[in-house]
Amino acid sequence: MAFSSSSRPIKGKLRYGGTNHEHKIWLFMRLSGLVMFVTVVFHLLYMHMFVRVENITFDNIAERWSGPAGVFWRLFDASLLFIGMAHGMNGARFSINDYVHNKILNLMLTGLVYGVGALLILAGSLAIILGAGGLGRLLGIG
Amino acid sequence: MRIQMRIRRFNPETDSKPWWGEYWVDVEGSDRVLDALHQVKWYQDGTLTLRRSCAHGICGSDAMVINGRNALACKVLMQDVGDVCQVEPLRTMPLIKDLVVDMEPFFAKYRAVLPYLINDQLPASGERYQSQEARERYDDTTKCILCAACTTSCPSFWANEDYIGPAAIVQAHRFIFDDRDTAADLRLRVLNDVDGVWRCRTVFNCVQACPREIDVTRAIGEVKLALINGLDD
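Chains as they are written, first to last, in my numbering: chain A, 57 to 198; chain B, 64 to 296.
It should be emphasised that the hints constitute simulated quantities derived from the structure, not laboratory data. In this text, a Cβ means the ideal position worked out from N, Cα and C, and glycines have one as well. There may be inaccurate statements among the hints.
As the list claims (entries may be wrong) - Okay, the calculated bits of chain B under chain A, using three or more residues with CB under 8 Å as the criterion:
id : stretch
1  : 100-109
2  : 213-223
3  : 248-254
4  : 286-292
Stated by the list, open to error - Below, in silico cross-link-like pairs of lysine-lysine (DSBU-like), each with a Cα-Cα straight-line distance of 30 Å or less:
id : chain 1 : residue 1 : chain 2 : residue 2
5  : A       : K80       : B       : K104
6  : B       : K138      : B       : K206
7  : B       : K206      : A       : K69
8  : A       : K159      : A       : K67
9  : A       : K80       : A       : K69
10 : B       : K104      : B       : K138
11 : B       : K80       : B       : K138
12 : B       : K160      : B       : K104
13 : A       : K67       : B       : K206
14 : B       : K80       : B       : K104
15 : A       : K69       : A       : K159
16 : B       : K206      : B       : K160
17 : A       : K159      : A       : K80
18 : B       : K80       : B       : K160
19 : B       : K80       : A       : K69
20 : B       : K160      : A       : K67
21 : B       : K138      : B       : K160
22 : B       : K160      : A       : K69
As the list claims (entries may be wrong) - Estimated spans, in silico, between C-beta atoms of each pair:
id : chain 1 : residue 1 : chain 2 : residue 2 : range
23 : A       : A179      : B       : T205      : 47 to 57 Å
24 : B       : I291      : A       : V109      : 33 to 43 Å
25 : B       : D242      : A       : L83       : 22 to 32 Å
26 : A       : G167      : B       : W221      : 32 to 42 Å
27 : A       : V94       : B       : T245      : 41 to 51 Å
Produce the complete structure using the sequences and hints provided.
Listed below in structure tokens is the structure:
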């Protein structure tokens, strides 16, 4: 397809139509946004109105994560962790791609976002799997 | 009434950077910003350079930033601009002189979406008929006059000039949803680019800027949905 028939040379992109996964990511951002609207509002209401902020302690979390209901809470917190981090990291990627046009700097910043994100996801996952205080016991500082 | 015009001036042959020219004009409230600009050009400073053609909101050549908002100078009344009327060229586009910007990059993006009817099948006889309902499907986007007010009001475009921009998407929408056209897949492939519709962050500046009152963000949303779900027909 001949895209350009200009009388003057034009700077910038003229060819569009490269393959990418942006449409899947767009759909993910909408669906994860909808899911988080429910889960984050529930989380906020539960922690602030029901548990109340002054009662949120290590023991409170340990109790919530124990017993049969603990399975639900761990799964719920895992969904907040994974969906929230994926949504947030992707949002940061959007901003970097919008504003940082230097390819090397773009790659470095995107790498930083993914690196820090992966560390946070790892720490959060270990905490959820090992239970309250588990990460400290694992590291011998609990 | 007497109103101060603050006009962004730039002569590439004498100025190193743009500056504000200040002029006083006597206008009626029912005069348009274009009439005030004419007063400056015709009676005070003939070097003021601007584009305008029909002067009636149809040709789209006098889009500019008026008091911070993109609009057509021939459609904004002086009674609505306040005591000071500040006029600047469209943002982001390469500046040529005063209020005139280089529209070539804009039209290159327009051409990229194949903005013409593509159908190799000849109609059985005479013209290609279309039902009123089928025509209604893309009615809104037929109103575009390619003034670039939407594209140059878009923060995604300010940040990244490779973004194809709302105007090109509106023009693609006009043909993608036309049931006489057969090249929707070609246009959708163009718009599926990383710098295609996915750069749109639904800021809605384009809707505010459009002098033809096109629901630009809705049109972009419909193209996104067509890329996700496919076309209904």
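- Message: So, against the hints stated earlier in the document, which numbers end up violated here?
- Response: 1, 5, 26
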